[in-house]
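Asks: Produce the entire structure from the sequences given, and follow the hints as far as they go.
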Amino acid sequence: MIERIALVATRELRAERRQPDGVVAAVTFIAVLVLLESLVVGPQIARDADVASALFWLALAFATILATMRSFDRELEDDALEGLVALPGGRDALFGGKVLSLAIVLVLVAAIGGLLSLLLLDLPVALPLHLVVVVLLGVLALPPIVVVDVVLALRLRARAALVPILALPVLVPQLVAATRGTSAAITGDAVGALSWAGLLFAFAVVYTVIGLTIVPAAIE
Amino acid sequence: MTETTIPRGNTLPRIRPWLGIAAAASFVVASAMALFWAPTDAVQGDVYRILYVHVPWTKNPLFDAMAVASAEIGVLFTGLFLVAGSIWAKPTWGVWWTWEPRLVTTAIMFVMYVGYLLLRGLSTDFSRRATRAAVFGIVAVIDVPIVHLSVLWANSLHQLPTVLRVAGSPALDTPMLVTLMVSLGAYTLIYAYFMSARVSLELARQGRLWTRT
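For the protein sequence lines, the chains are A and B, in the order given.
Just add 1352 to the spot in the first sequence (first one is 1) and you have the working numbering.
Just add 298 to the spot in the second sequence (first one is 1) and you have the working numbering.
It is worth saying that the hints were derived from the structure and are not from the lab.
In this text the structure is predicted, and so the values were computed from the model without any measurement.
Note that CB positions come from ideal geometry on N, CA and C, so glycine has one too.
Check the hints yourself; a few may be wrong.
[Said to hold, decoys possible] Label pairs and their in silico Cβ distance ranges:
hint : chain 1 : residue 1 : chain 2 : residue 2 : range
1    : B       : I436      : A       : L1359     : 55 to 65 Å
2    : B       : R426      : A       : L1467     : 41 to 51 Å
3    : A       : A1377     : B       : W394      : 32 to 42 Å
[Said to hold, decoys possible] Listed below are several chain B residues computed to face chain A (Cβ distance under 10 Å; list not exhaustive):
hint : residue
4    : L416
5    : T429
6    : R430
Replies: See the structure below:
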């Protein structure tokens, strides 16, 4: 199973390297939102740790949706989904591989988007290592739910609108935990940052297990 | 809609009149108890009486993931719960809405169930629609314990549980508690009545679909 998941993830990452439109779109989206935030609410409010963290994670949630939809669009354009699903254990591998590859892509997106936010907003970070831990675990907590919802909305009309409607309400606990954890790391609350990071890890494990259990039934 | 389209062995239409009578009778009893028998609260006055409809409406989303019938009634009851909560909050807290964790989580749950119905509505194939809805229902139902626990996790404006308390007996006067339980029972029967009617309708609709194919 792990080998098949790694195989799908590798294939996915190769496709992303050859045609990195998912990463480019996600990073651009975050950059535009950070710029807009500073212009709309003013640089003083935008530099507030809670506001900056909230906007970063909202942008990352949308970026996850964008990257996941782009990833499945690529499968549909190449008629690759049917072949993959027909392989033994293909459905589990498809979910696991997509989650793994998206997590890796999102680490890159979060690193570029996060550094951009810190530079543009001139935000001092009190606990950089804690911030890295929170961001890594937060990035792991997002893809399982988004992949589930993109699979459910696959081949449906109006799915570009449907996926955010399905995914964002379910992502609320993760977004709250990630925002609070990031804010705690920026302001120097080590215990708070690690507590929220633990919750993010729990969410990532729970939703990955749920996804591996139920998503194979939903893949057509 | 005729009964002839309902598959044989379906007992729902036969028990529905009795369920309707039981729901109506218990609703009248619960309303009378809530309005006349239960005493006035020492702090909140008569405005607290809305809890006899506000609390029972919260029960039904627990069954929401089962089927479209339950989802639709869940949306209705959760919507009414939020409206009744606002009516209670204005004189008690001084605001119609506050960003209190339990309220927000309930509103999010409401949006999830609307999303569930949207997902069903956009799927045209019957079996795929059922599978998709079931999978999303499982994901959405995880939110239900979060709704219940959020009041315990967060130190917030919403009052702590008064009936299912971690320590000790319910913090309610006996007539208030009895009235609340009767109201809860009445709204559960109303829910069951709606459910049986909607399930029969859905079965009849599916029966027509199968006949066509």
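Asks: Determine for every hint whether it applies to the structure shown.
Replies: A quick look at each hint next to the structure:
Checking the proposed 55 to 65 Å range against B:I436 and A:L1359 shows it is violated: the Cβ atoms sit about 27 Å from each other. For the pair B:R426 and A:L1467, the beta carbons lie near 43 Å from each other, so the given range of 41 to 51 Å is met. A hinted range of 32 to 42 Å holds for the C-beta pair A:A1377 and B:W394, which are about 39 Å apart. Because the closest C-beta pair between B:L416 and chain A is about 6 Å apart, less than 10 Å, the hint holds.
Checking B:T429 against chain A by beta carbon gives a least distance of about 6 Å; that is within 10 Å, so the hint holds. Hint status for B:R430: holds, given a least beta-carbon distance of 5 Å to chain A, under 10 Å.
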